[in-house]
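For reference, the chains in residue letters:
2 protein chains.
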Amino acid sequence: MTTPKIVYTLTDEAPALATYSLLPVVSSFTKAAEVEVVTSDISLAARVLASFPEHLSEEQRVADTLAELGELTKRPEANIIKLPNISASIPQLKACIQELQSQGYAIPNYVDEPKTDEEKDIQARYAKVLGSAVNPVLRQGNSDRRAPPAVKAYARKFPHSMGKWSKASRSHADYMREGDFFSSEQSITMDAAGDVRIEFVNQAGAVEVKKTLALQEGEVFDSMFMSAKALDAFFERTLQECKEDGVMWSLHVKATMMKVSHPIVFGHAVRTFFKEVFDQYGDLFNELGVNPNNGMASVYDKIKTLPQSKQDEIEEAIHACYEHRPEMAMVDSVKGITNLHIPSDVIVDASMPAMIRTSGQMWGRDGKQKDVKAVMPESTYARIYQEMINFCKTNGAFDPTTCGSVPNVGLMAMKAEEYGSHDKTFEMKEDGIMRVVKADGTVLMQHNVEKGDIWRACQTKDAAIKDWVKLAVNRARQSNTTAIFWLDAERAHDRELRKKVEVYLQEHDTNGLDIRVMGYNRAIRTSMERMIRGKDTISVTGNVLRDYLTDLFPIMELGTSAKMLSIVPMLAGGGMYETGAGGSAPKHVQQVLQENHLRWDSLGEFLAIAVSLDELGQKNNNARARILGQALDQATGKLLENNKSPSRKVGELDNRGSHFYLALYWAEALAAQTEDAALASKLKPVAQALQENEAKILEELSQVQGQPADLGGYYHLDQAKANQVMRPSVTLNSILDSLK
Amino acid sequence: MTTPKIVYTLTDEAPALATYSLLPVVSSFTKAAEVEVVTSDISLAARVLASFPEHLSEEQRVADTLAELGELTKRPEANIIKLPNISASIPQLKACIQELQSQGYAIPNYVDEPKTDEEKDIQARYAKVLGSAVNPVLRQGNSDRRAPPAVKAYARKFPHSMGKWSKASRSHADYMREGDFFSSEQSITMDAAGDVRIEFVNQAGAVEVKKTLALQEGEVFDSMFMSAKALDAFFERTLQECKEDGVMWSLHVKATMMKVSHPIVFGHAVRTFFKEVFDQYGDLFNELGVNPNNGMASVYDKIKTLPQSKQDEIEEAIHACYEHRPEMAMVDSVKGITNLHIPSDVIVDASMPAMIRTSGQMWGRDGKQKDVKAVMPESTYARIYQEMINFCKTNGAFDPTTCGSVPNVGLMAMKAEEYGSHDKTFEMKEDGIMRVVKADGTVLMQHNVEKGDIWRACQTKDAAIKDWVKLAVNRARQSNTTAIFWLDAERAHDRELRKKVEVYLQEHDTNGLDIRVMGYNRAIRTSMERMIRGKDTISVTGNVLRDYLTDLFPIMELGTSAKMLSIVPMLAGGGMYETGAGGSAPKHVQQVLQENHLRWDSLGEFLAIAVSLDELGQKNNNARARILGQALDQATGKLLENNKSPSRKVGELDNRGSHFYLALYWAEALAAQTEDAALASKLKPVAQALQENEAKILEELSQVQGQPADLGGYYHLDQAKANQVMRPSVTLNSILDSLK
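In order, the protein sequence lines correspond to chains A and B. Once you know that position 715 of the first sequence is 715 in this note's numbering, the rest is easy, because the numbers rise by one and skip nothing. Once you know that position 30 of the second sequence is 770 in this note's numbering, the rest is easy, because the numbers rise by one and skip nothing.
Source of the hints: derived by calculation from the structure; they are not laboratory data. Please read all numbers here as calculations on a predicted model, not as lab measurements. C-beta atoms are modelled at their ideal positions from N, C-alpha and C, and glycine is treated no differently. Among these hints, one or two may not hold up.
[Unchecked claim] Below, simulated DSS-like cross-link-like pairs (lysine-lysine); rule was C-alpha separation at most 30 Å, straight line: (1) A:LYS275 - B:LYS904; (2) A:LYS164 - B:LYS1422; (3) B:LYS904 - A:LYS229; (4) A:LYS499 - A:LYS152; (5) B:LYS1422 - B:LYS1436; (6) B:LYS983 - A:LYS164; (7) B:LYS983 - A:LYS368; (8) A:LYS164 - B:LYS745.
[What the hints assert, rightly or not] FRET-style restraints, in silico, Cβ to Cβ: (9) B:GLY934 - A:ARG533: 33 to 43 Å; (10) B:THR1141 - A:LYS210: 36 to 46 Å; (11) B:GLU776 - A:ARG177: 53 to 63 Å; (12) A:ASP431 - B:THR1141: 29 to 39 Å; (13) A:VAL503 - B:GLN1109: 24 to 34 Å; (14) B:LYS969 - A:LYS368: 45 to 55 Å; (15) B:THR996 - A:GLU502: 34 to 44 Å; (16) A:ASP279 - B:SER1219: 50 to 60 Å; (17) A:ASP431 - B:ASP1249: 50 to 60 Å; (18) B:ALA933 - A:ARG533: 54 to 64 Å; (19) A:GLU502 - B:THR1141: 32 to 42 Å; (20) A:ASN642 - B:VAL947: 54 to 64 Å; (21) A:ASP440 - B:THR1141: 20 to 30 Å; (22) A:ARG177 - B:ARG1105: 28 to 38 Å.
The shape of chain A in the complex, shown without the other chains (with noise of 0.2 Å):
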């Protein structure tokens, strides 16, 4: 056997610049238990080289770092620390090969239209590093996310504000009774492998193939749709709900996750509230190409081309529909932009927390803080914000200084649940039948529809299901901690999946362990009666409620869900630990070439550590790793309670300055503890030294702070030069050397 070994991810932006100075620190303190931490580049520069081995010299070529992820991920040592990284849009693509070309890296220019042959393949090539396409490769298993002890501990010490809830609120979630996608949703589990085909039958009888899946004995498929009718007329009802009642308005979709179908749905609210407008324009508006589902914003856009009056007389028209409806929430009041600006302004897994926190209440155009109807078409899920609304009605805000925590268990593996993405979304062009049929002609599922509904398809596979369970009974034994599966009896993929559950619970020891399966209306007020009682309850979902729950969870009880530990627990056996749910924050960079202050916190990464410390130590019988990784969380405790993350402020302390702290405390509580005695004897001169050289070092760190910083680049680091920016303190430097 070799040696265990920790991959920890080199990424872009303000985590990977962290990573000069943190790693450091971890590697001289792994050292001490035989544990190797080795780096894997995954940033974008190094995506972008590896696509092109042919364009460069001996030297400067790269190995495909991410497929060689990707294949470690299928095999049960791995363990991955996984650092936020760049989802390249072409505008930051084309400015990373700039800066590669000015490196010296001979690779192509990208072409926005290729024609040669060549042309065409460097764009395929491309293709490959944009966007989202890190994830895929590497979350190879369910989603297993959870405030760790030191961040709960921290909120309960230093509690986030919590806005009070008034018992009078009149704030409510709001949601179709009928026609949406939980009306009309089917289920089926492929009882042998085999494909189906996705097919639109049009009223004259045609059919048209829009799709064909091969799928696996014991897949889920599920189908369903939205009435477009129904969806108009439940925007109507609220908006004259709202109007009778002088309560605002406001939607909450997922336009972003549920790509194609919620941009539409999206739409249909910008046609209803602004329904005289595109009664009046709406032929003028198709011809210059205005799209409601890309919001007012596309409306006032594209009619910039036309002359000044015309542009007057529709924006009046809007400003009258604004006299006649009610007030809608703003996303900024100051801006003016509502509510219906662009798709991606409100999203609901954000919005609804927010809400909720801000006692129930939006922001109007008077930027005062109000009452809200909030509107979520989908009856499936919205149900669980009107049930936390009510409980908060009834038994006030939450109190993060007592209350409980609800953990996830998520089903997420080999792209379970995707709904509405957009290869099985398809909105209707006519009136006609949906079915999904098999290979031998056999209906499995149809559904009658009209021209404009949304019809989709989503599809869970046996083996993601099956490791679900099993994630979610070993989280329930190593916590030691109630796990509800919110599996809904009256919802059609519910009930295929609450068969599985029974079944596969049989398979795993559930001794002394208390497992529910619970609809979601009780599964949520279950876990809020526990949570206001200080008792934690692991949520077992589906993937729209993981996504949906630990961001509604963690906003409750530590005011973010950034500081949440989220690990993919492979289904292979290894473990991904994934960092910074903030993104990779291209402007704390910013402000290190500038000032050279680093406002990055690195929490995320501290807690992923010690996780993956403690994991690899289990797997390999390593006692020592387990410290390492106990000893971590209690220093992390500290500096949390401490307040050692670093400040936003150039001068004070920054993520550098956190970093000694880190070190200093992990070294006392190696230290301290007793079970390893060798290991404590050999930190205890370094928790000394930093402990005696405390104020030399912070004097070393700080004094580099408040001029420009330079890094030899912005996508592509100069290592030598980033390494001296990243690491000032000789002090600090030669005492972690020590430990080598």
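With chain A fixed as given, assemble chain B onto it according to the hints.
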């Protein structure tokens, strides 16, 4: 074995009068099944006469029928139809005595302040007749209440009005979060029979025995207290919140049932709302004998003796309170009667369903419906109303045309769970300790109390619980309906009951039944979820919830609780069938005396007789009795469907006409049934005769209306005269006679 008998009680006022018309119909029909219907006079007059045999002549003497009936309840063959009777106040008793004396009964006068031994003896005998003297003797069992199918069908066909709920309603229930009975409740189960003492120990250590009770083995005994300080703080908070939120304030207690504790609670509300008035005029009010527990009416009443200028001053001070307090819900906005006027005006089990049925609103001073904070200090029960309010906000008002039913099986036998009744409830006169002590000095429970706190204890006998569980299982089996025991694991008393229920359920065959045990919130939520899906759910509850729920759900489902079938299956095996939740209706008798129109609706009697016949048939293998009962239910259904209930207006169909239709439909149903051909052929001519003479009979019945009627008495009717008034149709009488 003797002929099975149904005992039909003769009581007072309208129901007694209606019996003159109804009973001949019933007796004629039951004779056909060899079922004897006998009467038992438990009217106030009969009970008075039975108390003074030595004052009466031989012929005038009557038996103590109530005592006889009490004895009958202890025998398995008991089958009693109990109509509403007068719970006599002293003025009513005096009027009754005077009437009897005028009829030649030489009974003694009531003596308000007895001096001689003879007078004391007289007063003692009259005391036994006063107040609620009948129910405690007859209610020897638990309670079984449900909506009969005919009534449910009527409600579905002719739904009562239900106020629409706004999702943005501000209405809510509010209750104490600490310091109430729920928070302090302690409960024990006696492992052996024995005496316990309720003692108060003051701060000097002096022990006062407040009460000694002989407890049975297995009896559950609870104690609890409500903190006066917490109660005042709670009222003040609710008032502040209403003021801030602009929501109307209302109080909902049950001063009539919780006779001792809740008037005190009410008094605290009065003193908090009108704090400045009581602060300023407290001493004066004490002198005058103002008792805030009797409401503001007591203030207005007592200050009448003051000079006008002083009265004006006090009224101004009261007015000033109204100015700075939130708006208060009105009992009668026209007369200016507020929620705090007298404690018996607003009774939670009636006021809350009314509020929920009225869009969650109550009436303000301006006579307009408004959203309201429903203040109910006891969190034990208030939570169910908040749950229903949240449910209505989310799902809209209940729909009587589709909703399911929530019948009740209530724990009531052997004075179970009589909370706040007078003999075990105490208002603390000073700080100290209240404790429950066994004869050997062992302290079973104790509470630190402060002056003003309300301490109370409660008994629940094992035999009653055992019977209640049996009744629940039987009801679940007979109705083939899911049953939920409402027992809250977080409540001390309920934890004791849960243990017993678990054990006693095993004594029954529950195979194939769906019997669940839940806390109140989940129980009501589950029941409501099922209800809106058209499903029935039996609520199996303690005594207070029995009282509350048998109003709450019927009012949603049927618009009234008066149409419920109300059965007391006696511990000894017999049954009592109670009718008429609406009391004995003195106003109805006035109308008869003035214009010979009786608007009393005998629906409750029809339902009770049917179930009494069915029960008797089952017990005695008398198929014909069961057929009679089933036919009566059909007849009742048809009567409701054809709207042949009594009208309120003279000249229209009254109680007697309604009885004609009952006879007609009953005869038709019996003639049409095929189970018993002999019975059918016997009834066929009766049905035909009634059909043919419909117009004639109605004419005979209606022509007597419009002029005064002579009944020869009010409390003690002249039987011949009453017969003449109530049976004016010669044609109907002779058709009925033909059955004998």
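Unmet hints by their number, sorted upward, for this structure: 2, 4, 8, 13, 14, 15, 18, 21
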